[in-house]
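Asker: Protein chains in written order, with my numbering: chain A, 1 to 506; chain B, 1 to 351.
The hints are simulated quantities; they were obtained by calculation from the structure and are not laboratory data. Note that beta-carbon positions come from the ideal geometry of N, C-alpha and C, so glycine has one too. No incorrect hints appear here.
Straight-line Cα separation of at most 25 Å, PhoX-like style, residue types lysine-lysine; simulated pairs:
1. B/LYS229 with A/LYS331
2. A/LYS331 with B/LYS238
3. A/LYS313 with B/LYS238
4. A/LYS366 with A/LYS331
5. A/LYS315 with B/LYS238
6. A/LYS417 with A/LYS435
7. A/LYS50 with A/LYS192
8. A/LYS366 with B/LYS238
9. A/LYS399 with B/LYS229
10. B/LYS229 with A/LYS342
11. B/LYS229 with A/LYS360
12. B/LYS229 with A/LYS417
13. B/LYS238 with A/LYS417
14. A/LYS381 with A/LYS417
15. A/LYS50 with A/LYS8
16. A/LYS315 with A/LYS331
17. A/LYS270 with B/LYS147
Pairwise CB distance ranges, derived in the manner of DEER restraints:
18. A/LYS313 with B/LEU45: 54 to 60 Å
19. B/GLY132 with A/PRO308: 34 to 40 Å
20. A/GLY271 with B/LYS238: 27 to 33 Å
21. B/ASP240 with A/GLY271: 22 to 28 Å
22. B/LYS238 with A/LYS120: 52 to 58 Å
23. A/LEU372 with B/ALA338: 30 to 36 Å
24. A/LEU117 with B/ALA338: 35 to 41 Å
25. A/ASP431 with B/ALA338: 33 to 39 Å
26. B/GLU230 with A/PHE317: 26 to 32 Å
27. B/ALA338 with A/ASP259: 57 to 63 Å
28. B/GLU230 with A/ASP236: 40 to 46 Å
Computed, partial: chain A to chain B, Cβ under 8 Å:
29. ALA306
30. PRO326
31. ILE330
32. THR338
33. GLU343
34. GLN344
35. LEU346
36. ILE349
37. GLN350
38. LEU358
39. VAL359
40. LEU361
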Amino acid sequence: MTDTLLMKVEGLTKRFPGVLALDDVNLDIARGEVHAICGENGAGKSTLIKMLTGAYRPDEGTIAFEGEVCPALSPRKAMDIGIACIYQELNLIPHLSVAENIFLGREIFRSKAFDILDRKTMNTKAAELLADLDLHIRPEARLGTLGVGHQQMVEICRAVWADAKLIIMDEPTSSLSEKEAKDLFRIIARVKSRGVSVLFISHRLDEVRANCDRVTIMRDGKSVSTFAMKDSSIDDIIQLMVGRNIQNKYPKEVANRGDVILDVQGLTRKGVVNNVSFQLHAGEVLGFAGLVGAGRTETMRLVTGADPSDAGKIKVFGKDTTIRSPEDSIKAGIAFLTESRKEQGLVLIQSVEFNATLVKLGDFSKFGVLSLGRARDEAMKVVNGLRLKAAGLATPVGKLSGGNQQKVVIAKWLMSKAKIFIFDEPTRGIDVGAKVEVYRLINELVAKGAGVIIVCSEMEEVMGMADRILVMHEGRITGELSREEATQEKIMYAASGMEIRPAKAG
Amino acid sequence: MANTTQQPPENAGVTTAAIESTGPEPKGLAIPGRKQLVGDKLYQLGVLLSLVILCVIMSFLSPRFLTLDNLTNVAAQAAVSAIISIGMFLAILTAGIDLSVGSVLALSAMMMGIASDRWGFGPYTSIAICLGTGAGLGLINGLLLTKLRLPHPFISTLGMQKMARGIALVVTAAAPISMFPDQVQYLGSASVGGMPVSFLLVGVLYIGMWLFLTRTSTGRHIYAVGGNKEAARLSGIKVDRILNLVYTISGLTAALAGLVLAGRVNAVYPLAGLDYETDAIAAVIIGGASFFGGVGSIGNTIIGVLLIAVLRNGLNLLNVDSAYQTFAIGAVIVIAVAIDVLRQNVLKSGR
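Isolated chain A (complex conformation) (with noise of 0.2 Å):
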């Protein structure tokens, strides 16, 4: 380990609308250093690497690089200054060869007057820096026919060319699989033997606690801790992730639990949901808690037909049931809350009886002829009894406030008579008075004997509401937790790859 300094970051602050992302972040980086970045969901580490690679400007803070001070950090000068980012989707052009990828935008001319490239050269050159980074792949290879793990190391072989003195990498090893990321680290340490640095930032600890030197943590935005990883242990940067900071800002009750009334066995889809199985009570919140992308909202998708499966079997209220399409899962009684209001929810520019109407309108029509008036009562009956603060049923949901909007989503699912209430994300992009009518509209839901899961990404969020919580991990559930025995500490555990399983079973 090197001790000569490559990067400083001091009192980073980044202000959002109504929320504060960064918060005086402090971090340093070592030439050859490979950094880790840890920290829960929202924690800030993103808006942290989009201020590294000067995708956002801070508000408050410096970013010294090299020991000068970057007021204006633009992507490009970011890129100049020699700081790479490999982001979880790779930005490589799949119909180029390898060669011509690495040098993409840096190309080697023949002739720079008439744009002739030197391909040969090109192609010596990159089976040059491949061999030295101990990479087996043919510089002519078209970049479409290698797998994930190979064209990422084609994409480190990029950084390195362009002279890239630091590597952020963001989840690099989240598609691949362990061979592969085994193959990653190795690059990663030739690359270090060079002189860069790595900034690594990965929700598998296990990884993290192995391949690297130091470690930054992070929670609600602030840079909370920084040391060496061979001080610490995992239940170290799990504890200091998570921090002690529950108040009882949820208003649970606890409902009477019922008859199970869904029952997944064994759902599937390849590469994304690995056989998960679960059950849910009558009145009982059942809480999906994990990091973003371990397949949670995959597996409600899964659910509710709005993605095939590859297998799987799903009883509904004790019936064997076929869900293909949406269609199926409305009729069998399910509703699914998607996770974005905007995209999959919402007719953003029709009113909001157009979408409160939306899922049941075939219930107000005779032979295809709407009444209208019946369905403007009834729509007007479910927004009443949501507290809506709309103009009125004719505005148009675009013009609504994100809670006003998520209020709409779960009149329309109201209106569809479902017994069993999927949400995924409740609460995200909404007022914290929106979030507390949220979570008591749940409470009647379970009280009335309704079944409700929920996914949220916010730890506090599922230990506030849900009765029992099931932890995923890389498509798998690795923890079951009743609400007892939940505590951060246990899901972030369960959350990064470790089984957590009840005494009991299940």
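Chain A is already provided as a structure; the job is to place chain B on it using the hints.
Answerer: Frame of chain A, contents of chain B only:
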């Protein structure tokens, strides 16, 4: 492409009517819920106002504009375009397009001609064959989109445009067929109480379509699919079925327009309806529908149709070269779409 507005020799036998009677549409048939969009309302008023202003200007520039004969002629031409525009409106409402309407019109009419002339079918059977051909071709357009998953209806209907035109030329070796029984000519040439039947037909179709779109669940589902396909699907709407229906209706209205055209000129010919899709698209967009889908009212489409018909007629009366006419229509389309984009941006930033 030659653009001499492939008008066949006008059958001047059509009778009296004033331009007012071509607009039996109640104004401002906005679907419920969009009333708040003041900007949209202003735009619609603006289009109506443009039509009125255009008519006033034309009547000053050309003494022949405000004659019964001329207005009847405008309306008769507008009838064909108005009927095609119904299907086009639905396609654009679902964020799609139907480029095949002109060719579908021609092939449907040719099939009717062949059925009546060569196969000796009665008039009603021939009419049924005409409409069936149109609906069938439309359904194929829909299936190409929903089953074969072609990326955008632009592609599938462009293919259909060429294929249908090709077949229309082949079936009679490019020769026209004429002399139809009265029943076939009825829609295009008859009049009731001094009012051409084609006007009445347009009125009935527009009111019917308006009721369908606003008073039936299927109609609302069309708006939902156009406004947000994924939200519609997750709300249990059979999106594919809706799209198939939309393109089938578009084929059907194109065939119906073919029937009217055939009746008006008492002939069918394989190059009928050439370029008609352009006018229909322009009419729908000028009428305030959005290429982004989900927005628009059928009541305003008719205003767009009339605007274009008056513009074409006026330029004809003023002896403006057809090349300039083509230019003028193109400019109107660009302006209308530019306004559409502006409106969308305003809508988005309003959120």
